[in-house]
Each structure stands twice: as structure tokens, then as C-alpha cells.
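Student: Construct all of the structure, not just a fragment, from the sequences and the given hints.
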Amino acid sequence: MQIGPILVALRRHKAGTTLIALQIALTLAIVCNALFIIQQRLVRVDRPSGVQESNLFVIQNDWPEKLPSQDADARMRADLQALRQLGSVQEVSSSNSFPLRGSGWDNFVRLSPDQVKMTTDTAIFFSDEHTLATLGARLIAGRNFSADEVGSQSGTDRMHARQIIISKGLAEILFPGGSALGKTIYVSNDNAPSTVIGITDTLQAHMTGVWAKPYAYNAVLVPARLTGDGTFYLVRARPGQLADAMRQAKDALYAQSPMRIIPAQDGIMTFAQVRHRAYDGDYGMAILMGIISAVLLVITAAGIVGLTSFWVGQRRRQIGVRRALGARQRDILGYFLTENLLITLGGVLLGVVLAVSMNVWLVIRMGSQPMSPLYLVAGVLMLLLLGQGAVLAPAVKASRVPPVEATRSV
Amino acid sequence: MFGYYLNLALRSLGRNRVLTTLMVLALALGIGACITTLTVLRLLSGDPLPGRSAQLYYPQIDPYPKNGYIPGESKPQENLTWVDANNLFDAHRAPRQALVALGSAKIQSRDAGGRPFFGDAVMTTADFLPMLGAPFRYGSGWSADDDAAGARVVVIADFLNQKLFGGANSVGRTLRLNGHDFRVVGVLDHFSPQPRFYAINIGRSYGDGDGAFLPLRAARAVQLDPNNISCWEAADIEHLETAPCMWLGLWVQLTDATAVANYKRFLDGYVREQIAQGRFHRTDTALPDVLQWLRIENVVPDDARLQAGLAFGFLLICVTNTIGLLLAKCLRRSREIGVRRALGATRGAIFGQFMVEAAMVGLAGGLLGLAVAELGLWGIRHQPAEYASLARLDVSMFVFTFIVALVSALVAGLLPAWRACVVSPAPQLKSA
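Same order as they appear, the protein sequences are chains A and B. Each residue of the first sequence is one higher than the one before, counting from 1 in the working numbering. Each residue of the second sequence is one higher than the one before, counting from 1 in the working numbering.
Only true hints are included.
Under 8 Å between C-beta atoms, here's a sample of chain B residues computed to sit facing chain A:
1. L19
2. K106
3. Q307
4. L310
5. F314
6. I323
7. L325
8. A328
9. L415
Some residues of chain B that are not near chain A, with every Cβ distance over 12 Å (derived):
10. L6
11. P71
12. D189
13. Y263
14. R340
15. A345
16. L363
17. D394
18. S396
19. F402
In short, the hints are calculated from the structure, not lab data. Built from N, CA and C at the ideal position, the CB exists for glycine as well.
Tutor: Structure, rendered in C-alpha cells:
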């Protein structure tokens, strides 16, 4: 296939050629970036929580008036007892927060009491001896809390945490390459040390925002029931009895004490709902990007089909002449495919520049990450294929132009 | 003449139905996407209190310790401590001012004896509601004396009045808040600035607005805790009034630039005084007005900006696409143009004819784009975001849609129309 004549012919259709190339360039820029955004969101959404999420649900509970700490603790223990007695319930625990909740209590962690800057940030989960089993989080070193270590604590920042369990993620940040077990760290603002008695496998913090990425797997479990404010009951239902357990748990709590607040809207949530709520913005963005990319590709393909069809119509006589001079059908087909390939190549060259600039802008303005070149390669291939696919029908039509067309006037 | 062009345009558009449909659809999708995202952006970046917001200012200072302080790079804090908030408040340097913090109150109707529920409550001072121009349906607000006395009075929003008292005049009736009786002194008519700019964490503050407004000291006496507390050292958050924690905001009304400059000087002076006393270590202060404050708080999420940017890119591609197709169409009609030119049509007439054709595409695209935008907004209203339910097309956006559509189509029509009018008639006629 001779490229020279094609280029000469294209110069006669400058405007049309430029427009298709421009459209391809813009489409490439947007689709590459959109696919990259989709991938980033999906990676976030697919992060493991370290929680065995099926059969787990969360109840938000609060009392109509502020109770003295001891009363609140007594009521909480009675609630836990009542929930534990349900046939559909396997494990129950109370906490101030839980993984993926989105907000909660976080503290700075230091390795020595006189350290000025924090080593890292971490989520604080108040826990008891049932918390690990309820969440389905696994210990990889050390031991669980014992029942007598779990006290009650009102909502002050003076956290009494002599023994703590920390997540693997936090352990790796604090003691890279070494074992955290038995070490002391400082997790509350007073200068009392906490000893690490256990390390869990992967366990996600409550923070899910983009800013919290470095702390996403930092969790400290503190052996206490937090009585100051509202509390969450974490409930693991027996396998397959999630719906029953959720209904029974609510009834049991109201039977236990009718004057309590379980918010109507999101007072009882399955962990699947918790996960969905944590990431709904990401799901939404990924779906939107997907739709935009698909529509763009369709519009661009349709534009190529439309414009090429016109070119073919316009050149019927020339095609006829070429056919009469001995060009085979596949020469004509090849001509249009090559022509499109050249235009698309021009478009993707510009498109790569646009896509990279757009990504740089996103990195600067939106704190996005630099795009992997793989997306450019994939995008370029996709548009080349799209161009060839779109031009195929008009090109086949062109190849079927009979040589006798040469004798007709246009 | 215009009618003739219209007729020609309709015929020409009708001749290539597939192509016309394609152009209209592409434009409609582009316009629809743009209008949808712009409506959301406008909703998010709108003025929560038109007419008043320019006079409201939010003093910011920084009580943090010296550690980690880099002058010029640290920003003043979002909230004030109880001590600083009261020092600034008691100085009375503004004609109207109000302390404010958000909390979740446990609300219970005294009579119905129903189950208590959580409601957003604002603990504030007497001037807050008049300063923000909150309209009353029944009763009125409370006085500065009520503030000082910690009077157990409350102003409730219309939706809470509906829920608790069936919408009747409930002034004088009693409400239980956090287990304590409060007397209703006022019921607001619809009042919900979008977003709820007067407290931090406003990213999630669209919708009905707050249910109850009550005097700060009375609220604290019944242990209504602020939603947002940040402490810089070991703190007993059961006693926030003495804790090293920030949780209160102060809004001041300043009517002109001189007043603003004076207040800023006062604020700087206050900070220097505190530094001299050894209480403070950092000098930065700020006095943003409402809209500046919304920018500081990043009210418009990056995702919304990103979506709007993409929608414009999308529209650009659709316009490019339309230019290409219109161009192809008009080049095919070179002969027809040649004939018209030979019969005496001027270049201007040809240009006009093609622009009318483009405008028709634009109008059709705009109409369909409106449907796409309605569909898009319907989709957004079914999203879980708090502002979602407010995403509606208003009259100005409706008009704007057609302007965007027409401008897009006319821009798209320019090149093809110009190419058409420079066609020289002679060769076209000869080849015929």
C-alpha cells in the first residue's frame, strides 16, 4: 500500500481530516484518564477490611439522657448479655466505632513519651474479649484481651490502655522489620505507655477518605467499654441467620429497655451496607466514568462512519476509475483502512500529549496519582481498533463500487 | 427569507435522517451532561444566604502549641476554644455576633411520650437567628438575658414542629432535649441555608436544615456535646469549658470594609496579647466572609469539579463531531450551492442558510439535551449524597441549556457554512 498518494488525497480534505483527528485526540485524552480514575476507585473499593463481612451487622445505640458512667456500663452489659442469648447470634461486642465507618476517634502514635512529632495516626477501637471473634479478625501474634482486662471508661481523652492489640499495618509502620509484640508505644496524649499484647492480621481503620490513605490500616484495640456517648453493638449472626438476628436483636434491645435511641434510618446496618456507604462516592464516580467513556467511543465511532461514508460517496467516480485501471477490491478496502489508520495515528499522537497534560493537571489540582503508561498504550490500541472497525463498513461499500462507475458522471 | 432557509434546512436535515439523528443525539448528550454537572456545581457553590452573606465574617485564630509551627505555612484553626470564643464575644467589637456549635440532641415530645430520636441542634446565642434573617412562623427568638441565665428555651424548625406538634402553634409548649424540659419560644418558617455554612464539616450539610436552636449555656448544662471537638493535649472532654479543645465558632456582622479592617486589627491585637501572656504561640489570624469560608472548608468536592470538567470535554468532542458531520453534509451539496449561486444567491445568503440549518440542529439538540439533563438530575437525586435531593433544573439553567445548545451548534456550523459560501459556482456547474 502506497502511503504517499493517500497523504496527498488527505491534504485535499484538510478540514475533515483535522476534525476526525481532533475528535480522536480528545476522546483518547478523556477515555485514558477516565479508565485510570475507574481503576483507582475500584482499587480503593476492593481493599480488604480484614473483617469477615458476611453475617455481621452493627447497631447504633444511645440513651435519651446522659447517664452516669456506671449506669451506662451496667446497661451496656445487660444489652450485650441479652443479645448474646439470642439463638441467631454467634458473637457480640461493643465499640465506639468499627472499620469503614468513615468517622470516629483517632489518636497520634509516638514511640517515646518525649517525642514531639507523631509517628503516625491511628484509629482507636474500644474492644472487649469478644471483639476479635465478632469482627472475624485473626490474631497473628500474641494473645486476646482477657475478660478481667476489660473495664469501662467514660468519654474522656485520658485513655487507660495499659494493654493494647494493634493491627499488622500499624505494627509494620512502627517497627519495620521487627516484632511489635511486647513493645510499648504511646497512643494517648498523656504519657502513659501501652504494651502491645497482640497483633491482628490486616484490619482496616474507620477512616476511608483519600487523605487517610497512609493510615487506612492503622488500628489500636483498647480493652474498655466506652460509656460516655452512644455506642455501637457489633453482632455476628450465625451463618445464614443475618436477617433473623437483625430483627431479633432490635426487639431484644427494646424489650431490655424501651427508652433508647436506635436511629430509624441507619441505626441497624449490615456490614455490606456499611461498606457500600463508605464507598458510594467511588462507585458512583466509577460508573459515571464508565458511561462517559462508552458514550464517547460510540460518538467517535459514529463520527468516523459518517464522515468516511461521505468521502466514499464523494469519490465513487475516482474509485471507479481506479477499479477500471486494475485496482482490486481489496486495494480499495486497504486504501480506506490505511487512510483511517493514518488519521487515527495523527489523532492519537496529539491525544497522548493531551492525555498526559490532563493527568498532570489532575495530579496538581485534584491530588490524583500519575497515570501508568499502560493506560496510554491501551487507549491508543483501543482507538486504533475503533477507527478500523468504524471505517470497515464504508470501506467495504467503497470496494464494491463497480469499475463502470468511471464512465458515469458524478 | 428566513422562512425559506428554514424550509431548506428542514429538507436538508430530513434527507439524511441517520446523520441528522446522530448530530442531534451527540449534541444532546454533551449538553445534557454539561447542564447536569453544572447544576450540581451551582448547587454546591451557591450563596447560602444571599444578601446577607457578604456581611458575615468568621474570626479564626490558632491556639496550638509552638511544636510543628512554620510561620506562613500554618493555617488558623477552624474553631475556637470556649475561653477565646467568650473573650472575643465579650469584647463586643461587632454590632451583631453569635457563638455557634452543632450537636445532636436527643429529642422527645413531652406529650406524645414517643421514643426519643436524634435531631441536629444548634447551640448558639441570641443574635444568631436575627443576624441570619431566619423567618419565624410563630413566636420569636430569645434574648441576651436568656443566654446569660441559661434559660431552657428552644426555637424549633418547621419540620420538627410538624413532627412533634402536627404543625400547630407550639409556642409555650414543652419539649424534652437530652432528658430535660425546654420551653418552645419560637417556630421557624422554612430556614435552611444550603449548605449549612455556620458550622464546620459542612460538606455533609444540605437538606432540611437544623431542627432545634437553643441557648449555648442551657445546651451545655444539659450536656449537649458539640459534634466537632479537636484537642491538642490530654483533655477531659466532659468539661469542654476548661479543656484544651476547640469546638465553638463565632460569627460577626461587619457592614463595611472599615469595620472589617478594624475587626481584623482587633483580632491580631487579641492574639498578640495572648502571646504576651504566654497562652498563645502562633500569630496567624483570618477573617473570611461566608463565601471565602466555604472555599476554606472545601464545600465543593473535587469529584464534582472533575465531573463538570469532563462534561465540558465531552461537549467539546460532541461539537467537534457535529462540525465534522455538518461539513461532510455541506461539501456533498457543493453542486446545489453552485446552482443557487449561479441563480444569484449571495455568499451571505448561502452562509445564512447553513447557519440556520446548524441552529436547527442546535435547537433540537437543546430540547433533547434538556431531557438528558432531567434524566441525569433524576439519577443524581437517587444518589446517596446529602445534596442530591436538591439537584433540580431551575428557570435560569433551563434558559442556559438553550443558549449552550445554540452557541454550540452555531460554532459547529461556522466552518461548514463558511466552506459552503466560498464554493465557486462555475466548476460545480461545469461538472454537472
